[in-house]
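Chains as they are written, first to last, in our numbering: chain A, 1 to 422; chain B, 1001 to 1340; chain C, 2001 to 2528.
Check each hint, because a few of them may be wrong.
[As the list claims (entries may be wrong)] 25 Å max Cα-Cα, derived DSS-like pairs, lysine-lysine:
no., chain 1, residue 1, chain 2, residue 2
1, B, Lys1154, C, Lys2281
2, A, Lys27, B, Lys1015
3, B, Lys1032, C, Lys2293
4, A, Lys44, C, Lys2275
5, B, Lys1037, C, Lys2281
6, B, Lys1184, B, Lys1141
7, B, Lys1096, B, Lys1245
8, A, Lys44, C, Lys2281
9, A, Lys17, B, Lys1157
10, A, Lys44, B, Lys1015
11, A, Lys44, B, Lys1154
12, C, Lys2281, B, Lys1032
I should point out that these hints are in silico values taken from the structure, not numbers from a laboratory. Every value quoted in this text rests on a predicted model; they were computed, and no experiment measured them.
Listed below, chain by chain, are the residues.
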Amino acid sequence: MDAVRIGRSNDLVVQMKALKISRKTAKFAVARLMSPVSTIGAAKFGPLSLVNESAPTMPNAEGWHRIQPRLTGICGSDLSLVEGHASTYFDDWVSFPFVPGHEVVADCDDGRRVVLEPVLGHACRGLPLPFEGAAPGDGDDYAHLVGGHLEPGIQTGFCSSTGGGWATELIAHDSQLHEVPDSMSDEQAVLVEPAAGGIHAALATWPAVQAAIQRGETPIVAVLGAGSMGLCAIAGLRRYVPQVRIIVGARYPHQQAFARSLGADVVVPAAELARAVRRESGGHIVGDYLSGGCHATIDAVGSSDSIMDCLKFTRPRGRVVLLGMPAVVSLDLTGLWHRETALIGAYTYGTESMPDGTKRHTFDLAIETAADCQLNRLVSATYRLDDYQNALAHAAGAGRRGAVKIVFDLRASDARNKKETN
Amino acid sequence: MARDDAPWKPSNLAKAARIGELVERITHPIAKRTYRKGFPYLPPTIPLGVEVPEDKPTLGADYDTDWARRSSAKFVRKGLVNGPIRLAVRGLASPKVYGVDRLHDLAQLKDPPPLIFTPNHHSHLDTAVMAVAVPEPWRSKLVVAAAADYFFDKRWKATMAALALNAIPIDREVTGRKSSDMIKELIDDGWSLMIYPEGGRSPDGWGQDFKGGAAYLSARTGAAVVPVFIDGTGALFGKGMKRPKIGTTKVVFGAPMRALEDENTRRFSARIEAEVAELGDESLTDFWTARQRSARNESTKLTGPEYTGWRRQWALSERREMGTAGLRRRQKRRWPDIGN
Amino acid sequence: MPRPGFVLEVDKSTPPILFWRGENFSLEKLPAGRSRVIYAPEPLPAIEDVDGAIRHALLNPIEQDPLPEQLFPGMKLTIAFDDVSLPLPKMQRPDIRQRVIEAVLDMAAEAGVDDVHIISALALHRRMTEAELRHAVGDRVYDAFAPRGTLYQHDAEDPDNLSYLGTTPHGEDVEINKRAAESDLLVYVNINLVAMDGGWKSTATGLSSYKSLRHHHNPETMIHSRSFMDQHRSELHKSNWRMGKVLLDSGVKVFQIETTLNTDTFPSPFGFLAKREWEWKPSDRMTFLASTKALNRTPTRLARKIFHSIEAPHQMTSVQAGDVEAVHRITTEHVYKQQLVEVKGQTDILTLGIPYISPYNVHSILNPILVMCMGLGYYFNMYKGMPLVREGGVIIMTHPTQPDFHPVHHPSYIDFFEQVLADTTDPHVMSQKWEKQYAEDEWYKHLYRTTYAYHGVHPFYMWYWGSHALQHCSRIIIVGGDPKTVRRLGFVPASTMDDALEIASDVVGRAPTITHLHAPPLMVADVS
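Turn these sequences into a full structure, and let the hints guide you.
This is how it looks when you write it as structure tokens:
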């Protein structure tokens, strides 16, 4: 690390290489218009830029660490930002300019190899916990996300104070760090965060599954979309939700193969999912809707069409869990009203109530899952940080190009390997 | 907060998103059609087995500025420096220049030797002020070492910097072999160099320790170092300020220096720093006081007092009070003198 | 630093691959996971001081005395040079032959040599036109020698100007140009574009007659040449080397000058043709789109004219002179250094994009027989070790394969296509049944000697060139070829690459491995 002393103060300023999103309206507009044609163009002319600058400074509080990412994943939500598609909802929940990247496995300055739980919760903002032992994502009042001694930001990767994973360096709080066991590879560890998301969504189906079990039916859960989140949700369903029969609609052959190997019972092309659900659950097709359907559905796509489809084949009083970030959609909700479908979001992780009544931390479950299910298989390609345009293009076309998860490999990065001076 | 504009109004981002949606509705079908055609209508995707060679960087320290020293570029620059830049500098900073007489002897020579000017650095204005203040014959043959990571990170910036200021890219931290070779070549060609030994603008108004680059280059090329103190630019357009203020500045040139026999780069660099500090003292007080204080080893260091926190800032404001340079204060309104 | 050759494993991220289709090209998507593409090494850096290097080679020959020492007043000096078939495409002026010949002539003038003949060693190829000769040897040489009748072209059908030197131990007749045989020194100026060229093949083939040629230009030899690009495993070369021995024994003194060129094949706007697709810049994509769209609407004649006017920015990478065999060893090393690409294992399907040009249709038409020769004779043989395609595999070529023949250049080809191919496509059968008739046809001989026609027997040789491939592969498919013509060749027409792969599937199964030879620029696959 190049460390430079400023003036007479003893603050170390560490140089880092980072991809940064700045809040430039015109660039967001350009990215948005270019993205349908060329992600490379959106990355080149959009709000994202590769910078060399000083790493974020440590807040004046206990428990903060400098961490140097080893691998950082590219997530769909990152991509939608780069392509200028993010919902303006976040405008007040994030602080520009920020470095994206929240699927991080990193070296911590205390020598541990850690995965990052990105949510910037109460602990790292120096605020009282909502309850004893709360995870960063817990709590029923999100005021803390814009308060405390950090700039606003729902999680690392959306906050200007902490930096993010698409950089050679960022800062993280003790409450966010989970040590990675030595037996686990970096490639497995980088999927812990998406796995946590998937497991959270899988557990969110539990009330519907439980009701089915109580009625003596075989609980059927459909998963629409088998990108990395969908696949993680399948793994979570198979491991933590008992007795479910999992039906997956996946568009690409390699996704279908992964879905099968992660424990899906029935895998069909996405367009055939509704009829596959009917074949499993029985019932009629009335108009576009099934008369019954599956007990719960996880939508891992998050578009108007996918949500609409999920509503059509989820049975009345069933549960649709939105795992993909939907942004602005237009829906005909008559069916939802009539069928009394529960449509719930599944953003993050925290403390989970398991089907057997115990409480577990989602990240602990995810670390188990990533190792046991060999989720490193999902890492399809790694890119250097400075090759980010190709990396983002690959991530945007992942399905078509036979890939699942694209990650930045920062292990060989120059800036990272420079020895500390001063 | 996320936004520092009026948070009760819809943000520009929200407006842009709405407009974007409308435009998208029109362009999306076309875009989709193009997208479906793929390569070669779109850029190729890279096969997985292929290692993409790192692009040879043409920006940053690797930006080639040779074109900016061709006669046509020189001609344009002359127009720029003597026209808009001079006007802007005068209007903004009204620099008063002292100590040029110290260079008089050299200027009289038939073949004035190239020099290395080493001013302190508080503001982007410094370069413009120097471009105007450096006396001829050096002014028209002056290259400016500018931070590669700041001035040469975008092509348009690099072009502007190279054309208007004859800037050459240089790494802040270490003068790399490539940069120093290039500078040696330039100096051998008779170009003078202006380099900020602090490596960057002052973050807090006080100076920073001098890096050894200037001293090293002087030793390597044999060109003399001219210490320069610029006062007041920090108050007008310091680091972090969004727009410049109008005020006055002072530029004090020192006498040319060379490394003494058996003086290493580090010690020479320290001597340059001390000399600039003394010039600073001179600009705040007067020549004699500065000399005396220097002799007593009491000159205020460029880097300011040792202590940190608010006292440092406090001391700075004291120092600024002393100077005549800085913000142009509004004249105290006085009653008209109507005589008794 | 030029990058070495490269074997790309095609995956889903691989962009479509460029295929030549005669006077046009297309992009074809190859199946992911089981296809690979072989890219040629990038052009090696050229010698900066070409004239200096040539002079140095002449003054420091290998296993021979320096050229000036071999020259004396009153001697008979003959300079023979490679004909219009090399290099491809023709190189930008000045041609390397011109530079070498001028250097030799300089030394000859200094030594006071008066009797100098310059002969184009074209064997049974067509004679070169004045423009072509001027391009090859340069205006200065042409204007000095052609008017005096001392710059002329070898005539393999002129009994008065051939001399019979005897037979090899294998009973092969050796007959070469009389002037060359009777000279005190024969200087041969060669261009080695592929490893097949040069060595004794220059003189023993280039300056010989049908009587001599038929001993190695026949199906038997061709089938046992594995491949032409690997002279140690090539019967063709062994025969030529035996003939060279006869030449030496009968007192012909040969000073061989061989040059190698880099593979800088296409000038700037067409640079993308030699680039790897994922490295195409926006300008390359624009040029590709513009040129394919324009060429689709361009009459073929005009397109041919445009393509044949391309002059390659080839540059010399080595020049060596002296003893034929010693020189050729070094030359071959240089050629391999430029062209060799290591490839692991054979493939079920070999795909080849056939370009507009072959050695035998410069300023002419790549007729169906030459399409066959280019694909099965040349590209198939671009290997060392073993063929790229496995025995019983399939070759898929892309070329329009129209039944177009150049009436002046290829008169016997037309009859060959109409008569011989209608009867048989088996090289052995046609050599027994038809070859003699075509070789001795008076009209063809007349055209060969007086106009710009290939010898009557030449189409047979073209067909023999592909003998090994015909025997080796179980099916040949031509994508985009005229169906009737393709069937006449004994091949299978297909309209698209996907169709071709479907057609191939009943021979090689549903998931065959595919290898595409991304040529030109030329390369030799070192298959292990």
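Inset, instruction - Enumerate the violated hints, using their earlier numbering and listing them in ascending order. - result: none
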